[in-house]
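*Asks:* Residues per chain are reported as follows:
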Amino acid sequence: MKINHLFKLVIIYFLVIVTLVILIFPYYWVFISSFKSTIEIATEEPRLIPRTFTLKHYEDLFGSVYKFHHYALNSLIVSLPVTIISILISTLAAYGLARGRIKGKRAFSNAVLLSYLTEPSMLVVPLFFIILLFGLYNNLIGLILTYPIVTIPFCIWMLREFFISIPIEIEEAALVDGASRLHVLTKIVLPLAAPGIFTAGIWSFVTAWNEFILALAFIAGLENWTLPLGLASYVAVYDIDWGLVSAACFLYELPALIVFAPLTKYFVKGLTLGAVKR
Amino acid sequence: MPKINYDYLLIMPALLWIAIFLIFPFFYVIVNSFIYKNNVTLDNYVTVFKTPRFFSSLYRTFLWTIGNVVFQLGLGLGLAILLNQNFKGVSAVRSLMLIPWLSSNVIVALQWKWIFHGTCGIATKLLMDIGITSSPISFFAPNVALLSCIIVNVWRWTPFTALVFLAGLQVIPLHLYESALIDGASVFQRFLKITLPLLKPIIAVWALITFIRTFNGFEIVWILTGGGPGEATLLLPIHMYTTTFLLGRFNEGSAISVLMTLMSAIFMILYVRTAQRSE
Amino acid sequence: MSGEKPKGKISPSLIATVVIVIILLAALVYYVTLPPKVEVVLTTVAMPTTVVTTVAVTPTTPAPEKKEIIFWHCETPPLRVQRVEAVIRSFEREYPWIKIKQVPIGWDAIYSKLDEAIKTGTQPDVIQTIPGLALYLYHAEQLLEVDDLVKEIDGKYHYAKEQLKMHYWDGHYWSIPTEAITLFLSYRENYIKEYAGYNRPPETWDELLDMVKKCTRDIDGDGKIDIWGINVPITRTLATDEWFWQQLAVNNGEVFLDTQVVLDSPQAVEALKFYLELRKYCPPGSENWGWAEQNLAFASGKIAFNFNFGGALATIAEYGELAKYVKGCPVPIPKGGKRVALSFGYGIGILKKAEERGTVDAVKTFIRYIMDPTNYGYWLNRQPGLFLPITEEGKKSPSFWADPVVMKFRPIVELCINETRDHAGLWGFMGKETSKMAYLIESTHYLAEAVAKAATGEMTPEQAIKWAAEQFRLEMLKH
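Residue numbers (our numbering), protein chains in the order written: chain A, 1 to 278; chain B, 279 to 557; chain C, 558 to 1036.
For the record, the hints were derived by calculation from the structure and aren't laboratory data.
Lysine-lysine pairs mimicking DSS-like chemistry, simulated, CA-CA at most 30 Å apart:
no. : chain 1 : residue 1 : chain 2 : residue 2
1   : B       : Lys478    : A       : Lys105
2   : B       : Lys328    : C       : Lys1035
3   : C       : Lys884    : C       : Lys953
4   : C       : Lys837    : B       : Lys403
5   : B       : Lys403    : C       : Lys771
6   : C       : Lys881    : A       : Lys56
7   : C       : Lys676    : B       : Lys328
8   : B       : Lys478    : A       : Lys8
9   : A       : Lys8      : B       : Lys471
10  : C       : Lys676    : B       : Lys315
11  : C       : Lys781    : B       : Lys403
12  : C       : Lys750    : B       : Lys403
13  : A       : Lys2      : B       : Lys366
14  : C       : Lys770    : B       : Lys403
15  : A       : Lys8      : B       : Lys366
16  : C       : Lys881    : B       : Lys403
Rough simulated footprint, nothing fancy, chain A against chain B, three-plus residues with beta-carbon under 8 Å:
no. : stretch
17  : 387 to 395
18  : 517 to 527
Restraint-style ranges between C-beta atoms, simulated for each label pair:
no. : chain 1 : residue 1 : chain 2 : residue 2 : range
19  : A       : Ile258    : B       : Leu336    : 40 to 50 Å
20  : A       : Leu88     : B       : Asn421    : 44 to 54 Å
21  : B       : Leu476    : A       : Phe14     : 25 to 35 Å
22  : C       : Pro653    : A       : Glu223    : 21 to 31 Å
23  : C       : Arg896    : B       : Phe327    : 46 to 56 Å
Keep in mind it's a predicted model, so treat the numbers as computed, not measured. Where a beta carbon is used, it is the ideal one built from N, C-alpha and C, also for glycine.
Please take these sequences and the hints and turn them into a complete structure.
*Replies:* Right, dumping it as structure tokens:
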């Protein structure tokens, strides 16, 4: 029996290690490539352990030609408001759909889920028209207005599941005691749904941070580029420095990883509740 | 005095936002697909159907989608079972699963483009070192390009899929397994008779979401191959993109978009039908 | 369980919500169906590997003498943008009442961007052109004729005649020639000597093929091929259009002649077959490559030959040791072929928009500034080795020859200047009349697609050429 158990453990660890290697390897590769000199990358055999070490790529990134920090700031300027807007709107709507006395809730909820499945690239042209109408072309505010359309449907769907899973007796008790709907929402429901809202917030932030197609369409000129656009430009038309591109990729992921790492526990929990209650 | 129902105010902001930035664009695209040179006409659709590339890219998109769904679900399920085991460090491993999902499509595509690089890439070197091939191979040759794209996309989404399935696995009551064990059921039988049936709803929903997401997916393939070489990886969304933005035929592109949305809607309906029938 | 529905009463907020939503949707649908708005408002999206920018133009009403010029160009690499900025700043110091704003847009997006700008009235004042682009703008009736300025500069600095031709049609000059870029063949002297046994560069197709074959080999004895002969692209990009057209042209083929599409010819099929032969000796993974990867492969010594505009010279220079052996020669020709080097006559076009905004004189001042041999070199060397002088006086510009990259590869630069003077050729300008639809090659990439179709085996070379010719004919009918 003991051997059986041991055998099983060995297999499990083996599979876990294989999985982790497959998962992590691309990041490792990008990480070490970012420290290799351009000459080593282009002329010598690709090595798992680098022969040369240089910080030049990182220096270049923050220089005046590649301006990584500038684009990161733009991305931040867009992502934070988008996250806040998404959370506000989604929470209200999700609560309304979960508890509100609204005709056609069911249909609306399904419609919301459906809209999650639309691909932004299909809507770029008409959205562009709207942006022009509001005179917001090449303006980060245009992005702040359009990004939520990508984040809101999923957040509403997920938060609604959350709200439904909270026992309704608590709310009804408060209502009977004379509390207003709003009071019930803010003082009672929200604290209970905090993990869910947290999850929605993180999801919105990550989605906004990574959004590419909309930014590509609505932003012109190097000044207002967000990070994905800036990154794409490093893969230039005439010249390509894979060391630089690797450094950019690594730096791009770093903040997301750092911010995200401690929060993964909550996220997995939120995902669990959301997915199960289907 | 009828009490005013303020609940509608709760959904108003969302409704407004969706109306302006989602519903209107939808209308715009639909209306424009029926307009050619200022006349209302079906010409755009005729042109779309007359283009052989529409059908070949549709076929390719199905290959791409089905390949993705099969691998993501299969590997995802296996991974979920692995993650469901109790071993030291399991929660850390679970957290690590989120990393590929966190990265943007652009980053994932660039990373893999670099790994698959023909002369400086590590993948071809590893294959040579292991002895599978004797000279550098190309991951973007016409007959393997689509497979390479599938590998990248599967890599990106399988861990997340595993987490979703994991959530489902964790709510299966343990006593079901215990009583099956007492009854002498093998591992395989327990999997077939207990795990699968109870997971079915989640697998089904996620299959649908994955299918539709993959069917409409654009960025990863675009950055990896641009649809090439030739038409080896030219998927329907890429066909739509080149028609609309690179060739400047917006009305024709709108027609393709409408058809794509229609197809996605049909898949959804089919899913709902089969889901209801099995209940 | 949700709360009780108020029985039989329709709540007023429900009505309000529905009414507002209906009004909104009705208003938006109304907008949609207005014919002018329904007209294509193309967005400006391009391949992710291309830098796409445009500018939101809010024309300012200039104070009496202050002028602001919006200048579009297609040189997006950061180095070029930086150097253009430097030239602009020194110009602005000399002429403080003129402000210039440069807007770099990628080649792949420029046509759709212009399309949209024209429709929304947001065109720039002035744009850097290649003949195809100028033709396109000419068709869209956006350009001002510039005969006076051309004659003035010709008088002062003396243009090369071949270059002037590329800016002239229908009796006028439509852009001011500023420079040219010309294709040549770069090679590694040591590779062809050691591995192919040649002491001189190839002059014919057979020689090139022979050398390319012999240079594809394992050089460190580990059983794996380490270097390849050459790379010729098959991606759907301008690079493929250009590389293939070059082979077509030296083989006496052409796409457009006067007003006809003449692509389907045995010469074209021969050229395509030659191109495909070369493909056999290209590195793995190169199906995906455009200029960038190709230049990297050559600079790092992975391929022995590379067709090149001088744009790669700056990158090659970074590879120290390897750069020593890089030499250039004219494009090899087949038996019975003719000496042609693909050459783009860059120019500057002044749009009617500048007339509207009253900036025509300011623009002309800027053009005079950069054509002045003192400044010409700085303008040309925004990408050293790529942009070549096309005026007699300009060739002597000390600022041009002082650049380190130009100095390092002086023989190559001189070769290119000579080729520009003697053998320059460009699609659409090879016949008696200018083929004014030749820009279709750049905007549709049918040539590149034909190459890809043949290379992937989807069609035979004959079928691919025929297909491309038909596509071009169809496209011409639409315009």
